[in-house]
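Spelled out, the chains give:
2 protein chains.
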Amino acid sequence: MSAPAGAPPTAELEAQMAELTVRVHELKTSKQPFQAEQKQLGELKRAMNVAVGGGGKKEAAGKARLTLKTPKGTKDHGPSATLMRKQIFSTLESIFLKHGACTIDTPVFELRDILAGKYGEDSKLIYDLQDQGGELCSLRYDLTVPFARFLAMNQSTYPSIKRYHIGKVYRRDQPAMSKGRMREFYQCVRVFPVVSRDRTDFDIAGNFDTMVPDSEILCILVEALTALDIGEFTVKLNHRKILDGIFELAGVPADKIRSISSAVDKLDKSPWEEVRREMTVDKGLDGTIADRIGEYVKFKGPGKELLATLQADEKLMAVPSANQGLKEMAILFDYLEIFGVLGYMSFDMSLARGLDYYTGIIYEAVHASSAPPGIATQPAVGSDAAATAAAVVVPAGEVKKSKKKPADEGADADEEVDESQVGVGSIAAGGRYDELVGMFYEASGGKKGGGKIPCVGISVGVERVYSIMLAQRKAREEREGRGKETQVFVVAVGGDGLLKERMALVKQLWDAGIKAEFAYKAKPKLQQQFDTCDRDQTPLTVIIGPKELEQGLVRVRRQVGKEGGAGEGEPVEQDRLIEYLQAQIAQL
Amino acid sequence: MSAPAGAPPTAELEAQMAELTVRVHELKTSKQPFQAEQKQLGELKRAMNVAVGGGGKKEAAGKARLTLKTPKGTKDHGPSATLMRKQIFSTLESIFLKHGACTIDTPVFELRDILAGKYGEDSKLIYDLQDQGGELCSLRYDLTVPFARFLAMNQSTYPSIKRYHIGKVYRRDQPAMSKGRMREFYQCVRVFPVVSRDRTDFDIAGNFDTMVPDSEILCILVEALTALDIGEFTVKLNHRKILDGIFELAGVPADKIRSISSAVDKLDKSPWEEVRREMTVDKGLDGTIADRIGEYVKFKGPGKELLATLQADEKLMAVPSANQGLKEMAILFDYLEIFGVLGYMSFDMSLARGLDYYTGIIYEAVHASSAPPGIATQPAVGSDAAATAAAVVVPAGEVKKSKKKPADEGADADEEVDESQVGVGSIAAGGRYDELVGMFYEASGGKKGGGKIPCVGISVGVERVYSIMLAQRKAREEREGRGKETQVFVVAVGGDGLLKERMALVKQLWDAGIKAEFAYKAKPKLQQQFDTCDRDQTPLTVIIGPKELEQGLVRVRRQVGKEGGAGEGEPVEQDRLIEYLQAQIAQL
Chain A
1 MSAPAGAPPT AELEAQMAEL TVRVHELKTS KQPFQAEQKQ LGELKRAMNV AVGGGGKKEA
61 AGKARLTLKT PKGTKDHGPS ATLMRKQIFS TLESIFLKHG ACTIDTPVFE LRDILAGKYG
121 EDSKLIYDLQ DQGGELCSLR YDLTVPFARF LAMNQSTYPS IKRYHIGKVY RRDQPAMSKG
181 RMREFYQCVR VFPVVSRDRT DFDIAGNFDT MVPDSEILCI LVEALTALDI GEFTVKLNHR
241 KILDGIFELA GVPADKIRSI SSAVDKLDKS PWEEVRREMT VDKGLDGTIA DRIGEYVKFK
301 GPGKELLATL QADEKLMAVP SANQGLKEMA ILFDYLEIFG VLGYMSFDMS LARGLDYYTG
361 IIYEAVHASS APPGIATQPA VGSDAAATAA AVVVPAGEVK KSKKKPADEG ADADEEVDES
421 QVGVGSIAAG GRYDELVGMF YEASGGKKGG GKIPCVGISV GVERVYSIML AQRKAREERE
481 GRGKETQVFV VAVGGDGLLK ERMALVKQLW DAGIKAEFAY KAKPKLQQQF DTCDRDQTPL
541 TVIIGPKELE QGLVRVRRQV GKEGGAGEGE PVEQDRLIEY LQAQIAQL
Chain B
1 MSAPAGAPPT AELEAQMAEL TVRVHELKTS KQPFQAEQKQ LGELKRAMNV AVGGGGKKEA
61 AGKARLTLKT PKGTKDHGPS ATLMRKQIFS TLESIFLKHG ACTIDTPVFE LRDILAGKYG
121 EDSKLIYDLQ DQGGELCSLR YDLTVPFARF LAMNQSTYPS IKRYHIGKVY RRDQPAMSKG
181 RMREFYQCVR VFPVVSRDRT DFDIAGNFDT MVPDSEILCI LVEALTALDI GEFTVKLNHR
241 KILDGIFELA GVPADKIRSI SSAVDKLDKS PWEEVRREMT VDKGLDGTIA DRIGEYVKFK
301 GPGKELLATL QADEKLMAVP SANQGLKEMA ILFDYLEIFG VLGYMSFDMS LARGLDYYTG
361 IIYEAVHASS APPGIATQPA VGSDAAATAA AVVVPAGEVK KSKKKPADEG ADADEEVDES
421 QVGVGSIAAG GRYDELVGMF YEASGGKKGG GKIPCVGISV GVERVYSIML AQRKAREERE
481 GRGKETQVFV VAVGGDGLLK ERMALVKQLW DAGIKAEFAY KAKPKLQQQF DTCDRDQTPL
541 TVIIGPKELE QGLVRVRRQV GKEGGAGEGE PVEQDRLIEY LQAQIAQL
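Protein chains in written order, with our numbering: chain A, 1 to 588; chain B, 1 to 588.
Pulled out of the complex, with its shape left as it was, chain A reads as follows (with noise of 0.2 Å):
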């Protein structure tokens, strides 16, 4: 780590990043090839880096100052914060249990060549794993592609299988350098920024009639978001069939199916106009068509009324894959209202999904807190007629985008949101996907077409909740979470610190259950230990003094500013502490 004794001072280096960083610019903007001067560009950071160190002063004897942070677009998670998540992780694996679902777990590499084509034009998002012999790997980019790969390789022990996994996963986000904010800044620290986030992922593979699981997804779906407790929110949806069919019908050509189905996804960010003209001037769409499709993506509405309208539109009826759709969906309403969660539903012509693997129903659910205007969202509870009734068909219109706060160096610029993943305001998304397994089965040499498990899943933007659920907390004037669970604070006044005593009483609770602490002080203060409480919120404190243990007593206190708390506290019996302790915790 130490600076190579010719570096070039600072002034230098700076300028020299500088004339870089306009050329790297160039470069992207004329779309000629950049690699070489983006690499020489982060060889001049990391010179700069040892050169200046964390604060820019002079370091003695040559040796670089070592930066403490996490890598860009990654970042600590402190205990009130991790204890919130695993609160929503738990939450959504009690309602993931209830319907029947197991676990596996996967590493976090994967052989390269089994992530090769599966993410379209995001692969280039890909994180690789370093050549250091043997090989070629890349960190995972969703949960999805290492369940399908886990399935193809187990057909014969999990022929069908619903599982839920927990877990990280790793894209090199492009930086907003389109919005024109702090430019050089991204482009000199976040390149490439790494956005590592928690995913909640449900999915069920295997044989059943029509709609069954689709159904109960879109179930566990609405007791997901229930249970999480975040407010309103409106399920988006579609049948990746019906939108074929559509573009079958406007007259799109085959070859261009895949993109401009997802520029008809960036409907809930942009308004149609923007959309035509990427159809149009940026993809060669012929204008007629474009107006075509905008006649069919402008329909959303309560399923079964939408359903209706479009059952009538003879021309579209005709398509077979349009048909086929429409059918299917009659009966997942159908279905939906046994589960009760029908009125959760917004049947949405614009809902396209960027995901090449989707092959069935696709869906997204929004948050009233981010929904753009002139998307209606249910009441969390109620009952259906009433909910039914408050989403009404509009067409989509333009929306305001969200504002980003500008991003700085601080922690706070690492914070990322996977609009990549589920679009603006979404907090959940899926779909089904019934070739995936397959394609990897026929691709290891299994026979065409036995390899096959349909597979309908959802994902839970977990970051996306947690911030939600952060903002009704600020909203609520909380203080900010206690990260851990601490009952029982035991204090000793006087008495030389009583030490001892302390620990074999508190290990008299640990022993009952009981989760406790002590200062770990042989003479603590007792105003150090009365403020470790407040600061944790620990709800009950044990004092013993010396007199009082003679007499065979303590004293126990609930906190300050309960009622019942602070002043001595209240005189127990040590023989009968674990009981009268057990009862106040009980009521807490």
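Quick caveat, the hints were computed from the structure, so don't treat them as lab data.
The model shown is predicted, which means the values in this text are computed figures rather than measured ones.
Just so it is clear, CB atoms sit at the ideal spot from N, CA and C, and this is done for glycine as well.
Only true hints are included.
Just a sample of chain B residues kept apart from chain A, beta carbon distances all over 12 Å, derived: (1) 232; (2) 258; (3) 269; (4) 495; (5) 559.
Here's a subset of chain B near chain A, in silico, CB distances under 8 Å, partners left out: (6) 66; (7) 72; (8) 102; (9) 128; (10) 504.
Following the hints, position chain B against chain A.
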């Protein structure tokens, strides 16, 4: 993934690979650089994969076969294994939470500079991410260094913290070449097998009086291993300062202390003669110095007895660091007695622990099933007196090496035991590290001595615990554990499948919090439904049929093979079904 047109036939590739393999081995053994050859070998291997594919058959149209597998050294965990691991985690978590811990979450990779210089000889096992522009990163090697980095970054927010952290760590372990087994296989396919393992760490950082948190950590260790219910174990215990005192007394030159210490650490696997040979022949230590070390490292036994023996040794007591260490051990044993865990300890002069950052007490828990002869184990629960009496002072002698079955290409070959971390038979380990956080603080420009946060921690070898549990389950001839928790399966008899009726019923169960499933078929076969219940060991079946439904009845059947199982089941009125099931579930 197409094979290059002029790719050599596989026979030629094989010959080249064999030649290179020998060459790399020669270079390695003669300590010459071999990286270039290694890399070339990797390229050949990949060419081989492309040419051969998964099964060695010729591919049509030049399309290479995709190999469906996880990267070498990693594996998938199926539902049953994952559930068992989750149970291990939650047992450990419940103990940690009882002791006032919180949990934090750090990224799976760190800046490369953060990991540099922390692992001595093992640094070569660190797994690097590819340089794709931007910062250089590596996968974390353990959870301790990221925790120290976190503390150094958050001095003001978390001046003292008790935390646990469960997560995977990554090491490019060397293959077992020296054992002469399947050398080429290892060299070609597992040059750097990646060992991914789950770890559970618990650390207490911050201000304290001597040995107070240390004694709680050992109390936690005993409570955790007892709660895991895996049978008898012993905690081997030593102190770095005593070891350093012994080395000083014996006359080990200061610059050899680390390497001699790591030789001593091998005494749990190798006889003294072999360790002495390493000290004198390999590491150039004077024979008489080695023999003086040998006098001490043979000591092990109950804490207070061995302490008395050593404190009676005037020469040793005259060495300040040994004197200090022994004083601290005396305090520790007092506290461990209060916590009632002293009987689990074996004070062991041969325990050295390899890692550079330990500064105080060090310890390692050894499970009875794998303890080498000569190491006495304690009853997991028992009176201190009895347990103490069972441990006797014995010299370290020749012990059997654990037998490894020859590795093969199959999935089992990927099962790796983390011997480097915790030694043969060790299931948990740890120690005090007072300088690591301060090291980060100062390296990043902090005031010298300003950022010191002393820490003491344990790390539980989850994979090891899992293996022991699995072996115990097999010994009891139990069926493979359930991967799910489903309580009720809803079955239709006759009536054209009764799909909608089953859906409506199962939704009632979900809403009541009952874990329930049904077949996703409109007309499922009766036998298939019962087979599913049997396979999943689902304890209860609710059977609906058209006739009973008319009468407002369903039947509830207990799992086949259980008391009251099989048969037609008991008729239950529909409106008291939930109540009835909840009563049944309470008895499971």
